[in-house]
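Listed here are the chains, written in short residue letters.
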Amino acid sequence: MEPFAGTSLTDQALTQGEVLATQWRVKADYAWDTGVAVGRFMAGLKEGKILGVQCSECNRTLIPPRAFCELCFRPINRWVELRDTGVINTFSVSFVNWDATRREIPEVPAVIEIDAASPGMGILHLLGEVGDNLDSVLAKVSIGKKVQAVWKPSEEREGSITDIRYFKLID
Amino acid sequence: MRRALETPKELAFEAAKAALDDAGLTINDIDSVVAVTAPDAFDGVHMNTEYFADGAGAKGKPYMRSYVGGGSGVFGVINGWYHVASGHFDTCLVVAEEKMSSALPHPQGAFNAIYDQFLERPLGVNLLWIFALEMNRYMHTHQVPMETFARVAQKNKRNGMDHPSSQSGISGDFTIQQIMDSEVMAWPVQRLMVSPISDGAGAMVLASEEFVRKRGLSPVWIEGVGWNLDTSYWTDRDLYYPRYVEKAARMAYDMAGVTDPRRDIHVVEPYDPFAYKELHHLEGLQLADKGQAPRLVEEGFWDRDTEVGIPSTPSGGLMGVGNPIAAAGMMKVTEIFWQLQGRAGKRQVKREVRRGLAQAWGDLMQVGTVVILGK
Amino acid sequence: MLDKISKSTELKPWRGNIPIYHRYTLGVAGERFFKALRDHKQILASACPNCRQRFIPPKIYCEACFEETRDWSTVEGPGYIKTFTVLHRSLEEEPLERPVVVALIAWSGVRGGLLHRLGEVDPSGVKTGLEVEPQWAEVRTGSMDDIQFFRPPLNS
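Residue numbers (our numbering), protein chains in the order written: chain A, 1 to 171; chain B, 1 to 375; chain C, 1 to 156.
Any given hint could turn out to be false.
What the hints assert, rightly or not - One-sided excerpt, in silico: chain A residues whose CB lies under 7 Å from chain B:
no., residue
1, Phe-4
2, Ile-105
3, Thr-162
These are calculated hints, taken from the structure and not from any lab test.
Built from N, CA and C at the ideal position, the CB exists for glycine as well.
Modelling step: build the complete structure from the supplied sequences, incorporating the hints.
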């Protein structure tokens with residue numbers, strides 16, 4: 001097959017003005033209402049509690065909280081306080097920022113299954129106190145290990161997922 | 001291409017025109033048009049498919065957009081299929097386009113908006129996390145060594161050297177060691193196990209049996225289509241296995257009358273934005289038992305020149321050709337088309353092929369789209 | 001679960017944005033069109049080899065015949081106003097000091113047109129069909145602003 005049509009450009013062609021280009025920045029900012037379920041969850045975080053919801057049909061205890069059970073397709077009204085401990089379901093050691101720039105000290109995002117929720121129910125958060133390079137993190141962290149939330153002091157909490165600074169290993 | 005001079009309209013035209021020329025048809029033979037892209041934020045054009053629709057031949061024609069994020073390339077073919085299968089149209093031109101080089105400083109700025117704005121984005125997310133988390137879960141569950149993923153990357157990057165749209169610097173003959181030594185981006189994801197940012201377009205003409213007979217065309221047939229969506233509460237799912245791909249595949253197999261996929265599917269193009277994803281999807285597609293796709297890598301079962309296995313991603317895929325998202329899904333369907341017609345040139349698989357499958361995946365790691373083609 | 005919130009202070013909107021901007025290449029046709037504006041003060045149209053229709057802005061394909069265009073040429077004579085609007089407020093809805101006239105300018109025998117500002121003209125005197133010419137910018141960079149605005153021909 002012959003190469004298909006198309007004109008590939010080098011970085012230089014664009015940055016040195018060999019080819020023409022225009023720039024545009026969308027002027028769009030958003031203000032989202034947290035909604036009913038997440039709003040209450042956030043209020044719980046401010047009090048230092050991790051809240052879940054329970055479906056009266058399938059009896060699953062769910063986190064993140066939601067106003068409906070997507071399996072039974074019924075509204076949910078029952079709230080339960082969960083523990084602030086859990087188990088690492090999976091994790092990564094990330095050296096990349098959102099804009100693809102490199103970071104020296106990695107972040108360690110993880111899915112954490114929260115204790116007292118139904119099996120497999122987790123949230124995304126960060127692990128902390130686990131080292132500042134790949135080898136040290138991998139030496140400490142593994143799937144299945146127990147973790148606990150490290151909260152901001154109550155006066156600094158504002159009803160945000162970042163009211164939990166990170167999760168740390170326990171045992 | 002890494003960066004195309006062509007605008008989205010021009011990319012769409014080049015692909016659509018090439019598809020029409022290949023079929024020996026003109027735009028007057030086309031009754032309907034389906035256009036697909038991933039999020040508009042990449043090209044930076046709101047209503048992007050409507051914007052490039054004239055370049056996709058849609059002027060004055062019944063036109064429809066279909067959209068399921070990364071799954072869109074294959075989903076567009078599914079949408080085109082029911083345009084024709086409904087009996088409403090004799091022909092449908094399906095055009096997929098993506099121009100990701102437009103998004104600065106990096107398309108991740110838009111990608112990240114798939115994360116929950118209350119519970120996830122405040123943590124400083126980036127898109128690689130979700131893949132790295134899924135890959136770790138998969139390799140932990142089945143105890144897969146990193147070398148196996150490197151072998152998948154090596155295979156696809158070698159296969160991509162023979163593709164007419166291969167992006168420079170992406171395909172090549174890399175050693176396992178080079179791949180294993182490439183920069184750790186978000187462990188366990190490494191640079192040479194990730195697809196690049198790309199610009200491109202792809203197109204395909206679908207036609208009814210009657211039209212094909214009347215015009216004396218030599219087609220391949222769409223034998224099955226399937227698609228499925230899982231919950232967006234991705235932290236509540238076990239990421240080691242893509243159930244939604246299984247459901248999409250079973251839907252397509254039922255329609256195609258495929259009772260034993262490992263016997264009846266002879267070539268496969270699973271979606272491979274990351275090396276592990278190919279194996280993950282091959283298991284979801286029921287072409288290997290859970291945890292067995294990695295073992296089959298070692299046997300060469302998925303290689304292009306296999307005589308007993310099922311060649312997987314002979315095109316080179318997203319890792320060996322490039323990843324202009326929706327266009328990459330379309331590229332997978334066109335590869336199966338060429339393989340079945342025996343026109344894939346250097347990429348032609350060794351074994352005899354009568355039926356093949358293309359699959360894409362996307363949204364919040366939750367959608368599977370499958371098309372089965374046969375001779 | 002659907003409680004009514006009675007105090008507006010209990011509402012906490014979550015703010016955010018999508019932190020990207022875009023760089024658009026002008027494309028195969030755009031390169032040629034804008035470089036002709038910049039380097040030669042010429043407005044180019046492209047033509048379909050099949051139906052002979054000319055297009056402005058030029059494109060690499062005829063959307064009706066779906067053929068690649070060839071035969072690029074400059075448009076002849078003044079353009080004319082196909083339609084126009086008079087703006088009294090800015091994008092942010094602030095009142096403008098002087099109204100701005102925005103017009104779609106077409107050339108006879110050529111499909112399409114250019115959207116641009118009008119200058120040196122009394123907004124109340126603008127009419128559909130009015131002939132206009134480009135006022136070229138001193139410094140041209142290969143953009144629509146290489147034409148400062150369109151105005152009635154100086155010799156009319």
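For each hint, the structure was consulted:
This hint holds: A:Phe-4 has a C-beta 5 Å from the nearest C-beta of chain B, less than the 7 Å allowed. Against a cut-off of 7 Å between C-beta atoms, the interface hint on A:Ile-105 is violated, since the closest Cβ of chain B lies about 13 Å away. The interface hint given for A:Thr-162 is met, as the beta carbon of that residue sits about 5 Å from the closest beta carbon of chain B, less than 7 Å.
Checked against the numbered hints listed earlier, the structure breaks hint 2 alone; every other hint is satisfied.
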